[in-house]
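Trainee: Add chain B to chain L, keeping to what the hints say.
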Amino acid sequence: MKAFEYTRASSPADAAALAAKTPGARFIAGGTNLLDLMKLEIETPTHLIDVNKLALDRIEETSDGGLRIGALVRNTDLAADKRVRRDYAVLTRAIVAGASGQLRNKATTAGNLLQRTRCPYFYDPNQPCNKRKPGSGCAAIGGFSRQLAVIGTSKACIATYPGDMAIAMRLLDATVETVKPDGSTRKIAIADFHRLPGDTPHLDNTLQTGELITAVTLPKPLGGKHFYHKVRDRASYAFALVSVAAVVQKDGTGRVAFGGMAHKPWRVEAAEAALPKGAAATAKIAFAGATPTHDNAFKLQLAERTLAAVLHEARG
Amino acid sequence: MDRPAGKGVSRRGVLVSGAACAAATAMPASASSKEPSAPMKTPPALPVQVKVNGKAAALTVDTRTTLLDALREHLHLTGTKKGCDHGQCGACTVIVNGRRINSCLSLAVMHDGDSVTTIEGLGTPEDLHPMQAAFVRHDGYQCGYCTPGQICSAVAVLDEIKAGIPSHVAADVAASPAFSEMEIRERMSGNICRCGAYSNIVEAIREAAGRRQA
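Protein sequences, first through last, are from chains L and B. Mind the numbering: the first sequence is residues 482 to 797 in the numbering used here, read in order. Mind the numbering: the second sequence is residues 545 to 758 in the numbering used here, read in order.
For reference, chain L alone in the conformation it holds in the complex:
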């Protein structure tokens, strides 16, 4: 690990200002992803700004009937919150489907949104990777791509966003609240937060330099039945091949978002209109224009079948 300076932030605005004026600075909260990447020298910050002591660890009800989740609320606490379990069960289900108990005790709401890809070529410094080293190429294209993206890919990158929590947040139309280095605040719809790789895959999201996430808000509950089905190579503690987050109403209408398919949580609102017609009709619209590789084409069928299982359970 490269040597770095370390500062405990005193306020969100101060943290953002310090990050903006310090080249090579990174925020650290749970650290479960960042420290892993620092040990491998994939991330080499010169300065860590510890935000753990900031008072951003509460879950509060909003005036419009939703919830405001502080950036530092740990995954365990978010999943265990009684209001979340009752009204946003898809979010609890998504969180407990990810990582291990130890990691969820540390991982934060904001940090989880910023989790970097698990593409094996990103993790191997001996391989070219446009996300790790812009302009170096992509070894995943033409390489072993079983885990990687099937839609929204580019000639520069076929990595996936690896997390579970964000898939549920995308389904719930969450909003990411931030503070910028000048002290002003911003709200980013979750749909606009993660981005597709295009020709700048080193950018995972639309945050600006120094911008710090302070909270994630959820709109008022949707009702309906909540599902998060995650398909992976072992029963627990593995990243998704495919995951399906869904809220299904009694009349068969609803929402669906997919994990493991793209560089961002994959939700196509136009496809949701087809939910009452079934999984095949929905998947056809949701994955129109897919660009799978030989290794991962199975994910399209797997996603459709996983959605079929969800819809079957919703009817039962």
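Since the hints were derived computationally from the structure, they do not count as laboratory data. Just so you know, even glycine gets a beta-carbon here, dropped at the ideal spot from N, CA and C. Please note that a few of the clues may not be correct.
Over 10 Å on every C-beta distance to chain B, these chain L residues come out as not near it, computed from the model [said to hold, decoys possible]: (1) Ala494; (2) Arg507; (3) Ile509; (4) Arg627; (5) Asp714; (6) Gly733; (7) Phe779; (8) Arg786; (9) Ala789.
Computed footprint of chain B on chain L, listed as stretches where at least three residues anywhere in the stretch have a Cβ under 8 Å from a Cβ of chain B [claimed, not checked]: (10) 568-574; (11) 578-589.
Mentor: Then chain B, alone, in the frame of chain L:
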């Protein structure tokens, strides 16, 4: 290491004089007097105060030091093991402020003021923690390397179930979790045992849970 290479001559002495001789005969004066490039800046170090197994400890650590390395290398509490060092195996599991975490994926400087419990703080050879005793009784290990992490994790798992924290195997996440073998297996999935002692580990935890309820 310092064993003499010959009568009155140390191995180090031979190497040093040999190098000096080579420099004097084969290298131009400018090269032999050339300083290496700018000396490495001292890596940043900071003071940290933690309570470990009930005892206060004050350390000054390189900012890169993980909590795991602080426990093992600075406090010499070597019960906590370094397995993968990447949060994948759970051998380094300790309990911080009542919560189990992977001590390899946390910096010591992030734990100023925290209270840490390691395997050494759960019990002693003369007075085992009920979970330790249950692991011994049920042979919940073979090589034993993952065991301190398994036991710290298991102790915390019982607290998590008691606190109503849901898991992936819950049929209804809004309901209070019930103790079951499936729950143990799911909640212990962050602790890998390459010897494969899982069935005995489950039995040990089941027994410890029963004793606690009694």
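Trainee: Taking the numbered hints from earlier one at a time, note which ones the structure violates and give those numbers from smallest to largest.
Mentor: Going through the list in order, the structure violates hint 3 alone and respects the others.
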